[in-house]
Amino acid sequence: GEDVEQSLFLSVREGDSSVINCTYTDSSSTYLYWYKQEPGAGLQLLTYIFSNMDMKQDQRLTVLLNKKDKHLSLRIADTQTGDSAIYFCAESRPGSARQLTFGSGTQLTVLP
Amino acid sequence: DTAVSQTPKYLVTQMGNDKSIKCEQNLGHDTMYWYKQDSKKFLKIMFSYNNKELIINETVPNRFSPKSPDKAHLNLHINSLELGDSAVYFCASSQDRGHSPLHFGNGTRLTVT
Numbered sequence: 003g004e005d006v007e008q009s010l011f012l013s014v015r016e017g018d019s020s021v022i023n024c025t026y027t028d029s030s031s032t033y034l035y036w037y038k039q040e041p042g043a044g045l046q047l048l049t050y051i052f053s054n055m056d057m058k059q060d061q062r063l064t065v066l067l068n069k070k071d072k073h074l075s076l077r078i079a080d081t082q083t084g085d086s087a088i089y090f091c092a093e094s095r096p097g098s099a100r101q102l103t104f105g106s107g108t109q110l111t112v113l114p
Numbered sequence: 023d024t025a026v027s028q029t030p031k032y033l034v035t036q037m038g039n040d041k042s043i044k045c046e047q048n049l050g051h052d053t054m055y056w057y058k059q060d061s062k063k064f065l066k067i068m069f070s071y072n073n074k075e076l077i078i079n080e081t082v083p084n085r086f087s088p089k090s091p092d093k094a095h096l097n098l099h100i101n102s103l104e105l106g107d108s109a110v111y112f113c114a115s116s117q118d119r120g121h122s123p124l125h126f127g128n129g130t131r132l133t134v135t
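Residue numbers (our numbering), protein chains in the order written: chain B, 3 to 114; chain V, 23 to 135.
If you are wondering where the hints come from, they were derived from the structure by calculation, not from laboratory data. This list has only true hints and no planted wrong ones.
Heads up, simulated BS3-like pairs for lysine-lysine below, C-alpha to C-alpha not over 27 Å straight-line:
(1) K44/V x K38/B
(2) K72/B x K38/B
(3) K41/V x K63/V
(4) K41/V x K89/V
(5) K66/V x K72/B
(6) K44/V x K66/V
(7) K66/V x K38/B
(8) K62/V x K31/V
(9) K69/B x K66/V
(10) K93/V x K74/V
(11) K70/B x K58/B
(12) K62/V x K72/B
(13) K41/V x K74/V
(14) K89/V x K44/V
(15) K44/V x K74/V
(16) K38/B x K69/B
(17) K44/V x K31/V
(18) K38/B x K63/V
(19) K58/V x K93/V
(20) K44/V x K58/V
(21) K62/V x K38/B
(22) K58/V x K38/B
(23) K44/V x K63/V
(24) K93/V x K41/V
(25) K74/V x K58/V
(26) K38/B x K70/B
(27) K72/B x K63/V
(28) K66/V x K93/V
(29) K72/B x K58/B
(30) K31/V x K38/B
Label-pair ranges, simulated between beta-carbon atoms:
(31) N54/B x L76/V: 28 to 34 Å
(32) R131/V x T32/B: 28 to 34 Å
(33) H73/B x D118/V: 27 to 33 Å
(34) T111/B x E104/V: 30 to 36 Å
(35) E104/V x L113/B: 36 to 42 Å
(36) N39/V x P114/B: 41 to 47 Å
(37) I77/V x N54/B: 23 to 29 Å
(38) M37/V x N68/B: 43 to 49 Å
(39) G17/B x D40/V: 47 to 53 Å
(40) S29/B x F64/V: 22 to 28 Å
Each residue gets a CB set at the ideal place from its N, CA and C atoms; glycine is no exception.
Using the sequences plus the hints, can you model the full thing?
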């Protein structure tokens, strides 16, 4: 996506932590989302964070938001082979019927 | 009990043909969408309907025509298919047109030969 950027690939060893990063450009973004896409499937919502929050934790997932730098990250603790997928970040802007602008996705590969 | 279902899953057709993709959601959501995912996995919104009313119509060739017979259905008809139309098309829905999360279907892989 032109306004939301992610690195394309990330490889980690099983059991390690994964950190997937995302930068966005619109400071008025109100909600930021992480979606997971497994091969041959649609996008599955993992978690989301409101822009007035710095951090959100949900089991193995931790989302960090640095609003000043317009930087969002998703940390997956104890990464498993089942976590291999493409991870998309997305932003939602106020007053926009566009709903979501997606990043280009990060392909996470978990090595045994 | 699939939440957002689209058919067919795969569609292979020749250039110049007309085809349709159907989408249904049983979540009671008000808003439905069509997204196109290209070969590089980039997702771009095409259309959005809220309670059967078109609210987003991105720069999409007019060969693409969405139709929403009721708020649970949003179909996509494509005329005169071209090679560049080959992609995965995703239907999605959300509770409303605000910031509620999107729920996606599993996609329709369209291949134009």
